[in-house]
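**Student:** Residue strings, one per chain:
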Amino acid sequence: MAEFLQHLVNALVLGGTYALLGIGLTLIFGIMRIVNFTHGELFAFGAYFVYLFAMLLGFNFFIAFAIAVVGGCLLGAAIEFILLRPLRGADIETTMLVTIGAWIIMQNTELLVWGGVAKAITTPFPETPLVIGAISVSPLRVFVLVIALVLIGGTYALIHRTKLGMGMRATFQDSETAELMGLNIRGIYTATFSIGSGLAAAAGALLGPVFLAAPTMGDLASLKAFAIVILGGLGNITGATIGGFLLAIIEELGAGYISSGYRDAMGFLIIIAVLLVKPTGLFARAERIG
Amino acid sequence: MNRFHSMIGQTAAAAVVAFGLVGGAAAQSTIKIGMVQPLTGAFAAAGTDVVNGAKIAVDEINAKGGVIGEKLELVIEDTKSNPTEAASVTEKLVVRDKVTVLMGASSSTATLAVMPKLMEYKVPMLVETSSSSKITTAGNPYIFRIAPPSEVEAAVFAKIVNKIGIKKADFLVVNNDWGRGTADEFTKVLKEKGISVGLVERMDQGAQDMNAQLTKLKGSGADTLFVTTAVEQLSLVLKQAAALGFNVRIITTGGSQNPDQLITNVGKAADGSWHLAFFAPWAPDATPSPAATKAFVAEWNKRGLPYGSLTSSFRGYDGIRAIAEAIKIAGKAEPEAIREAFWKVNILGLNGPIKFEKDGPKGQESGQSMPNVYLVKIENGKVVVPKI
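The listed protein sequences correspond, in order, to chains S and X. The numbers in this note's numbering rise by one with no breaks, and the one at position 65 of the first sequence is 65. The numbers in this note's numbering rise by one with no breaks, and the one at position 379 of the second sequence is 669.
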């Protein structure tokens, strides 16, 4: 029982960052209809930004984290502005190819700047774990979970409580009508891509110190983000949140009780099953438009 | 416009001539050695270290006039820690760069993937890091290995195992030929010594979260955990084990785990862990040739390279020296002659004598050299060589 609870705690911590990754990607797909392959690189970017500011430039860890998130938003906005805005109205394959190209360029740039060897990031959190009964968790991981939950909550509030969020939802439902109603669609697209990218960078900035920062770390993150989005239904934010936690639980329990060698394969087996049984995703609503 | 075009034409022609000359000159005076190493991906640290060690050996040899009157030149290719990529860059090195001898490919799985290419193109390869037993027993006569195979590591460990006092051991290994091979060989040795073996958990080479495996291992009640993987993943295992409050005696194998790098990466979480290493830069006087060790360490530090990487970089240094010796004995830089000459190599490397013994099926033997293995421990953030 203690072992099972420990597995659940591990999954919960990881699930928070998975959810962040999934929400970012699903936002961009739902609103902009763009299959965004740069998502994983924004994740890696977040981790390296923390490394740059906290480890190389000596900033406070929390400030470095904030800079990484803001930096991710700005980089996302720049990608949208330079690469995607001129392609508005182009079909989905065209934009997909462009994001694939951008992904390759970004990953190789990271390689050039940081080298291939993974970098460790130290944090001000004590290394001694918090022990509650038979369960241990490091303070850093608690921080990661709390920040992830705050960011998830913040994203919900942004979408459901603000004017920008209302514009995003309107664009999601029907972009042409929204534009006819006088909405600044271009601005909404830039904001969406920027927020989505910022969330990916935040996930990377949170997991970088937990794991290591490596130029190829974005590949697996991208794959997992796509898996989460498919699990939760394309464009479905609640689905992505639940999907993120679900994927983490599946991976953790799969590795703990079935086969540890195939940990990263577990999630994808589930995805195949979901695509076979309920191709719109587990949480798709029948009345969803778009 | 015309003048502009003709200018471009002239410049291009001049460039072609210039490059042609440079290319021709280079081809005449160097012997190319192909390096198949992981410079990115899960094993990037080990590959980068080996290349840096190899560069020191090449510079040293070239400063003394090279081999058989020619300079050595490294042609380095990145396997991206991917066996498929390793096989294709090997092909590129042989076909396009026309290298006459290779060194690689770090991970056992990558080396196994490269091996058929060696047979196809009849080019010998010195194996500096891979430790899977399958490599030298596969019947590939183009393989010459200076890294100790897992069973040698296990045999060395067998001599000291009783003094450490292990009752029950578990394994956590990277899910490739290296990890699985190590678990098999060590299990044999431990069982012979009457030590029970519990769980054998695996992790994907790119996996970063090993909490699930560690949580399961924590519940097993073993007093010792053998961990086999590259330094990156090992850092994560130590960090995550500490965070889970998992106090078990951790022993790492494979020799590419750079204890100093672990201390840098994870700090206190590395305390109390044991490591099987194949080079002891901390105690140069305990190495087979103290003077050579000191010279290598001094050059390494002069180049500003990280101290923690010495335990894997020496492999590149020893490898190049063995290759250079083979070329010298062969008297010419031709693959078949170098392959023959490898059998006559007998030099003292940084980690003991390099002399190849036959291993594998008769008539198709690979070469295997038997280097030293050390057991070291990390105590209070320092590497110590315990007296056992």
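Among these hints, one or two may not hold up.
To be verified - Away from chain X, derived, C-beta distances all over 10 Å, residues of chain S:
| hint | residue |
| --- | --- |
| 1 | F59 |
| 2 | S138 |
| 3 | F143 |
| 4 | I185 |
| 5 | A214 |
| 6 | M217 |
Claimed, not checked - Here are the computed lysine-lysine pairs in the DSS-like style, where the Cα-Cα straight-line distance is at most 30 Å:
| hint | chain 1 | residue 1 | chain 2 | residue 2 |
| --- | --- | --- | --- | --- |
| 7 | X | K354 | S | K119 |
| 8 | X | K354 | X | K672 |
| 9 | X | K622 | S | K119 |
| 10 | S | K119 | X | K478 |
| 11 | S | K163 | X | K584 |
| 12 | X | K672 | S | K119 |
I should point out that these hints are in silico values taken from the structure, not numbers from a laboratory. All residues carry an ideal CB built from backbone N, CA and C; glycine is no exception.
**Student:** It remains to establish, for every hint, whether it holds in the given structure.
**Tutor:** Taking the hints in turn, this is what the structure says about them:
The claim that S:F59 lies off the interface holds: its Cβ sits roughly 20 Å from the closest Cβ of chain X, which is beyond the 10 Å cut-off. A Cβ of chain X approaches the Cβ of S:S138 within 10 Å, the least distance being about 4 Å, so the stated non-interface status is violated. Distance to chain X confirms S:F143 as a non-interface residue, since its nearest Cβ pair spans about 12 Å, more than 10 Å. Interface exclusion of S:I185 from chain X stands, the closest Cβ pair being 39 Å apart, more than 10 Å.
The non-interface label for S:A214 is inconsistent with chain X: the shortest C-beta to C-beta separation is roughly 7 Å, within 10 Å. Against chain X, the non-interface label of S:M217 is violated: not every CB pair exceeds 10 Å, the least being about 8 Å. At most 30 Å may separate the alpha-carbon atoms for a hinted pair to count; X:K354 and S:K119 exceed this at roughly 37 Å. Only pairs whose Cα atoms come within 30 Å are accepted, and X:K354 paired with X:K672 is rejected, the gap being roughly 37 Å.
Restraint check for X:K622 and S:K119: the C-alpha separation of about 43 Å exceeds 30 Å, so the hint is violated. For the proposed pair S:K119 and X:K478, the alpha carbon gap of about 36 Å is over 30 Å, so the pair is violated. At most 30 Å may separate the alpha-carbon atoms for a hinted pair to count; S:K163 and X:K584 exceed this at roughly 68 Å. The straight-line distance between the Cα atoms of X:K672 and S:K119 is roughly 21 Å, inside the 30 Å bound, and the hint therefore holds.
The structure is inconsistent with the numbered hints 2, 5, 6, 7, 8, 9, 10, 11, although it conforms to all the rest.
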